Amino acid sequence: MPTIYINGEAIKIASGERLNGIEAARRAGVEIPHYCWHPGLSVVASCRMCLVEVGTRNPRTGEVIMHPKLVPACQTPATDGTVFITNSEKVRAARARVEENLLINHPVDCPICDKAGECLLQDYHFQHGQESRRADIRPFHSRRRPLGETVMLFVDRCISCTRCVRFCREITGSNELMLTDRGSIQEIDVFPGYPLENNLAGNVVDLCPVGALADLKFLYQQRVWFMKSHQGVCTGCATGCSIFIDQNQDRIYRIRPRENMSVNTWWICDAGRYGWDYVHSKERLLEPRQLDADTQTHVPVDWAPLLNRLDNSLREAAKSGHLAAVLSPHCTVEEAYLAAGYVRSIDPGARIVLGPVPKVGVDQKFPNGFVIRAEKCPNRRGIEEIAAYFMRRDYPFEALLEEIGSDTITGAWVTGGYPEDWIDEPTAQLFSPLRLLVVQDLFDSPLMRRAHYQIPAAAFAERDGSYVNANHRLQYATWAIRPPAGVQVEGRLFWRLAGRAGLYQARTILREMAAEVPYFSAAKAEIPDSGIDLVH
Amino acid sequence: MKPDHPDIQILEEPELGLAERMYLPLFVDGLTTTAKYLVRPKVTTQFPEEHPEIGNPLIYRGVHRLNRDEQGRVKCVACFLCATACPARCIDIVAAPSPWPDRDKYPESFTIDELRCIYCGMCEEACPVDAIELTSLFDLTGRSREEMIFDKEKLLSVYDKTKDSEPMKSASHSTLRVEDRLERG
Numbered sequence: 001m002p003t004i005y006i007n008g009e010a011i012k013i014a015s016g017e018r019l020n021g022i023e024a025a026r027r028a029g030v031e032i033p034h035y036c037w038h039p040g041l042s043v044v045a046s047c048r049m050c051l052v053e054v055g056t057r058n059p060r061t062g063e064v065i066m067h068p069k070l071v072p073a074c075q076t077p078a079t080d081g082t083v084f085i086t087n088s089e090k091v092r093a094a095r096a097r098v099e100e101n102l103l104i105n106h107p108v109d110c111p112i113c114d115k116a117g118e119c120l121l122q123d124y125h126f127q128h129g130q131e132s133r134r135a136d137i138r139p140f141h142s143r144r145r146p147l148g149e150t151v152m153l154f155v156d157r158c159i160s161c162t163r164c165v166r167f168c169r170e171i172t173g174s175n176e177l178m179l180t181d182r183g184s185i186q187e188i189d190v191f192p193g194y195p196l197e198n199n200l201a202g203n204v205v206d207l208c209p210v211g212a213l214a215d216l217k218f219l220y221q222q223r224v225w226f227m228k229s230h231q232g233v234c235t236g237c238a239t240g241c242s243i244f245i246d247q248n249q250d251r252i253y254r255i256r257p258r259e260n261m262s263v264n265t266w267w268i269c270d271a272g273r274y275g276w277d278y279v280h281s282k283e284r285l286l287e288p289r290q291l292d293a294d295t296q297t298h299v300p301v302d303w304a305p306l307l308n309r310l311d312n313s314l315r316e317a318a319k320s321g322h323l324a325a326v327l328s329p330h331c332t333v334e335e336a337y338l339a340a341g342y343v344r345s346i347d348p349g350a351r352i353v354l355g356p357v358p359k360v361g362v363d364q365k366f367p368n369g370f371v372i373r374a375e376k377c378p379n380r381r382g383i384e385e386i387a388a389y390f391m392r393r394d395y396p397f398e399a400l401l402e403e404i405g406s407d408t409i410t411g412a413w414v415t416g417g418y419p420e421d422w423i424d425e426p427t428a429q430l431f432s433p434l435r436l437l438v439v440q441d442l443f444d445s446p447l448m449r450r451a452h453y454q455i456p457a458a459a460f461a462e463r464d465g466s467y468v469n470a471n472h473r474l475q476y477a478t479w480a481i482r483p484p485a486g487v488q489v490e491g492r493l494f495w496r497l498a499g500r501a502g503l504y505q506a507r508t509i510l511r512e513m514a515a516e517v518p519y520f521s522a523a524k525a526e527i528p529d530s531g532i533d534l535v536h
Numbered sequence: 537m538k539p540d541h542p543d544i545q546i547l548e549e550p551e552l553g554l555a556e557r558m559y560l561p562l563f564v565d566g567l568t569t570t571a572k573y574l575v576r577p578k579v580t581t582q583f584p585e586e587h588p589e590i591g592n593p594l595i596y597r598g599v600h601r602l603n604r605d606e607q608g609r610v611k612c613v614a615c616f617l618c619a620t621a622c623p624a625r626c627i628d629i630v631a632a633p634s635p636w637p638d639r640d641k642y643p644e645s646f647t648i649d650e651l652r653c654i655y656c657g658m659c660e661e662a663c664p665v666d667a668i669e670l671t672s673l674f675d676l677t678g679r680s681r682e683e684m685i686f687d688k689e690k691l692l693s694v695y696d697k698t699k700d701s702e703p704m705k706s707a708s709h710s711t712l713r714v715e716d717r718l719e720r721g
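Protein sequence lines, in the order shown, are assigned to chains A and B.
FYI, the working numbering numbers position 442 of the first sequence as 442, with every residue one higher than the one before it.
FYI, the working numbering numbers position 79 of the second sequence as 615, with every residue one higher than the one before it.
Source of the hints: derived by calculation from the structure; they are not laboratory data.
Be aware that a few hints might be false.
The calculated lysine-lysine pairs, modelled on DSS-like cross-linking and capped at a C-alpha distance of 30 angstroms, are [what the hints assert, rightly or not]: (1) B:688 - A:282; (2) A:359 - A:319; (3) B:688 - A:217.
Chain B is nowhere near these chain A residues, computed Cβ spacing over 10 angstroms in every case [as the list claims (entries may be wrong)]: (4) 179; (5) 406; (6) 472; (7) 512.
Note that the structure is a prediction, hence the values are computed from the model and not measured.
All C-beta atoms in this analysis are idealised placements derived from N, C-alpha and C, irrespective of residue type, glycine included.
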């Protein structure tokens, strides 16, 4: 087992493990500052911030021979007997000099820079920089130019670490960015006529260790220290990327990728990054409504009497036929399980069916393996498994429509939650024979107009629960914002309808499911932030 | 600690002499103070007919103002440091890209709830461009709560009103543009 020495402390790594100096030091709890190195990109060792003293220890004599010069830790493999010294006077002086050099050409306009607060240049300056500036430079105004529709470049804030350039070469393979000129006038730029526009372009903003690249949607919207980050799962497609939802006062301002080596590595696509506007849309249904039989219009009702009324209506409808629950692939597995269980408790023969699965184009694969799926919903697999568990046979959405036509089914609860239009007029027409139609959705739709009860749905950032992605990986997402007034989150509503005491607990439901549904049995254990595989 | 603790000393009240028992010296002492104040200049100000004199207006913490730069534009760069420093959370800023080529960011709206403010002066201290300052205006009144929420225009008008009597506390230090910087060498 190879042994590595970090500042005199011996740490063991697994044989065959390929670590560089930065990763090895992290194991020992030592942070080596770095700008240009990123675990997902190639090593260029150009920023020189990670310079350390390196030597080798002779295993027989124990004698350590140090290199005469400082070397970049990112480029130095940690092999058996490698010695890293990261806290010597020589290393400290080198870091201070690198910081000083970077700041000579930097506008130091932190007060108006969006990166301030999460900027590595700021952090490292406080940790490793000098107290005062030797060069007499007044703050100046940074030049700026847009690189594409979504990203703005603040030219003079750049430290030329080339992370963004390497990202466009190695991860997306689209090669939009380049460096022009050399030395102190080196700049990032796009090739003339080829703006930065690929489906992963937003990642360069997260990659940028300084404030050179800014997200035009987020630009000047919020200072980073006002926001709270919540661990979530992207519901844009069946990949189910791990994300951070950054919110302040129940308003989402930004979505960032969360490192998850089993799902999305370090990236998310732009559709997921920018696709949350509908959460704050003014078009959303914000109150439950009931169809007035006399006027044939929908009138608002209070939540308190509504629950009983819903329950009675469902029981009434079950008397003359069967009930059905259409579970949207935007529901969490806990919500789907609760809803299915509730409908089954009224009518043991109730049909549990997966709602329409939206598909757009074909899967888009990137050179590094990142996939944007054509299936634009997060939880098709999870809902499918729940429907299969309750139905014990293949029962597609079309079969339900047929049964409604033949009058076997008299009442249906349809969950929506789709950000886009999901049902057309002819399909909605097929629901007309129903004696009771409850539609729970975010927006108005042809089906919504036919509903006897219109129930407002919650958006992804408001839900608590788990999603199963296309690769059978279950991930748990916590709610990031509270739903707007008048909206009850699905999980809570089904919990109350099912007559359970106390508050809705997604974890409790998941544990129950793991015990009951074989597909979810792996979820019995505590679920790590990166999720668990349900099928091995 | 118990009453019989060795560290406790019990002191007896000193015996009063004849003069003290007659209260006369104390009586004279008190009357002297009264007489002194009778002849001293008056310190009471007949507010609101009369306005008190403010010792140093530059360090007084009254109503806020938003300073203007040399071109008459709002000096604030919308960095939110005042809102961050504010312990009463009374500053609300909406930032936007500035309409001027030589500046990046500016406050599209800037409001201070003067009723919520505790006049601690932290905003003034936090401001990196000396855009927000506290003036010596203290007699702030209004007929409604809404009236006391000062917006950008109102705060700029406070500057216009007070700029002659209370000059800006610091000289302007506008940023250079890259071209100027390259020319300077």
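Structure-based check of all given hints:
1. B:688 - A:282: Holds. Residue 688 (chain B) to residue 282 (chain A) sits at ~28 angstroms (cutoff 30 angstroms).
2. A:359 - A:319: violated (37 angstroms)
3. B:688 - A:217: holds (24 angstroms)
4. 179: It holds; residue 179 (chain A) is separated from chain B by about 18 angstroms at its closest Cβ, greater than 10 angstroms.
5. 406: Given that every Cβ of chain B is farther than 10 angstroms from that of residue 406 (chain A), nearest at about 58 angstroms, it holds.
6. 472: At about 44 angstroms from chain B, residue 472 (chain A) clears the 10 angstroms cut-off, so the statement holds.
7. 512: Residue 512 (chain A) clear of chain B: closest Cβ-Cβ about 42 angstroms, beyond 10 angstroms.
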